[in-house]
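Peer 1: On the provided structure of chain A, position chain B as indicated by the hints.
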Amino acid sequence: MELYDLTIHEAAALLARRELSSRELTRAVLDRIHQVEERVEAFVTITEELALKQADDADKRIAAGDAAPLTGIPAAIKDVICTKGVPTTCGSRMLANFLPPYQAHVTERLLDAGLVMVGKANMDEFAMGSSTENSAFHPTHNPWDLERVPGGSSGGSAAAVAASECIYALGSDTGGSIRQPAALCGVVGFKPTYGRISRFGLVAFASSLDQIGPLTKDVTDCALVMNVIAGHDRRDSTSAPLDVPDYTQSLITDLRGIRIGVPQEYFVEGMDGQVRASIEAAVNKMAELGAEVDWQVSLPSTGYALACYYIIAPSEAMANLARYDGVKYGYSDRRGDSMWRNMELTRQHGFGDEVKRRIMLGTYALSAGYYDAYYLKAQKVRTLIRREFDAAFQRCDVLVTAVSPTPAFKLGEKVADPLQMYLSDVCTIPMNIAGLPAISVPCGLTEGLPVGVQIMAKPFDETTILRVAYAYEQATDWHKARPNL
Amino acid sequence: MAITREEVQHVAMLFRMSLSEEEITRLQHQLSQIIDYFQVLQQVDTEGVPPTSHTLALENVMRDDEPRPSYPSEDILANAPLSEGGFFRVRAVLE
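Residue numbers (this note's numbering), protein chains in the order written: chain A, 1 to 485; chain B, 1 to 95.
Honestly, the hints are just simulated from the structure, not real lab data.
For every residue, glycine included, the Cβ atom is placed at its ideal position computed from N, Cα and C.
Be aware that a few hints might be false.
Claimed, not checked - Cβ-Cβ distance ranges computed for the label pairs, FRET-style:
id, chain 1, residue 1, chain 2, residue 2, range
1, A, L376, B, G85, 42 to 50 Å
2, B, A57, A, H34, 47 to 55 Å
3, B, M13, A, D66, 51 to 59 Å
4, A, E49, B, R89, 29 to 37 Å
5, B, H29, A, L242, 40 to 48 Å
6, A, A416, B, A78, 36 to 44 Å
7, A, E413, B, L58, 38 to 46 Å
Stated by the list, open to error - Away from chain B, derived, C-beta distances all over 10 Å, residues of chain A:
id, residue
8, A16
9, R17
10, S21
11, T45
12, H138
13, V228
14, E265
15, E280
16, A281
17, S298
18, K414
19, R482
20, L485
Bound-form chain A, shown alone (with noise of 0.2 Å):
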């Protein structure tokens, strides 16, 4: 085994026996990043300088006898979290050159934490996509098959995951965007509760629903980040005053006692067949290790939550997005001859395509004499969605469902058509639209390419959803498949 594939907890054991060094593992992962970077793309900005002077600082601190469990461990972080003095681009040209004045809550937290950072990855244009291919400056290629997109709009985090070019990763979801890529690329995705992490300098895309979480390996990894970058913080007025509890603590192997729900409604029309029975057979282990299932939960709201979510995520977007204008930070264009023509240049030439359609839906749908017919009655159906939700949370601890309706797309398969891409996010939409925890943990694999099962919980349980992956997850060895680069 290379040092590049260890997971956090291996490596940190290794770390605090002294058997391994930060600079050495650090030293191990940039290696690998120089040898698939080429053709995986996973970053936007790779801070070798950086990394190795914090993996320095790490070796200290664990010579000292202060090391945390994530101390000297190398990671990525998705390119809409602000680390001060290093570039955050969003994955846009509108923000080629910005350099974040302030660190973001969880860059805080986590270079508290002795963090490594390997680099900024790469995603769509401020998050907005699901394969990557949206990114101003490269797409990035899924480590399984290097023909097909990794997911998105997190696809540099869970790209970088699966290749080994970090040991974890910061990805942020605002309906799907770390669970589809986590699917795809095979390893383990985890959006919290809205509200459980701070979105403070996580660069704003439609804010009732935007979460950050991680992209692991496995799922005790998950709950290793969870308890560092988890709880309140004034800074995001949106950030639950709750406590957090050590997440490592629902890391346990028996399921009795647990109720899941299977929604009919999940297993859409064009799934294909081996994705479902992927699903089939990972409900059926959990009811192995103990767990009650019901087969038969409807939330019949499902089917409208797509569109729900295209009227509101727009809606939000274009108002955050408003912010560049060119006079403040970020890319402008002055041929104009005043500045409002200048402003005008500035989101033409600086937005991409997506961005764009998505600033126009948004507009369009907040424009006088629509508001009533789109955003206004979105909201009302968001309310009736997260009523099935309350309801079946009240029969069930858990529901699971598949993640992605397909296993990895080819690389522009879906770029004509925004509809169709728009499609692939249809099972992890409801959960933001909800504000509900979920994870993506690998169950399968399909003519080679991984699948991903998703299960959700009631707010703020995050601990149920963490007990029942890990359960899953050690009664199989869909986690330890890597792919051959």
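Peer 2: Relative to chain A, chain B alone:
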């Protein structure tokens, strides 16, 4: 087509974003298709259902009214395309 060429231009200007002729043509087609898809929501009975703007049981989160240092203006202006004398510089706003 659910949306006309003029509407595409109007909506773009509401956001203060210019578009090329080719972009207007493409967006007219794509937005029409997506907005047609939105009509599915009209089938849902939402009579008496309150809207959800966010999913947290939090309202009116206030901070204590304590003065705190802000970011140094030079740090903030460091990213500005143009600045002068501690201000952002822009082209004439008034004709």
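Peer 1: Go through the numbered hints given earlier and state which of them the structure violates, listing their numbers in rising order.
Peer 2: Per hint list: zero violations.
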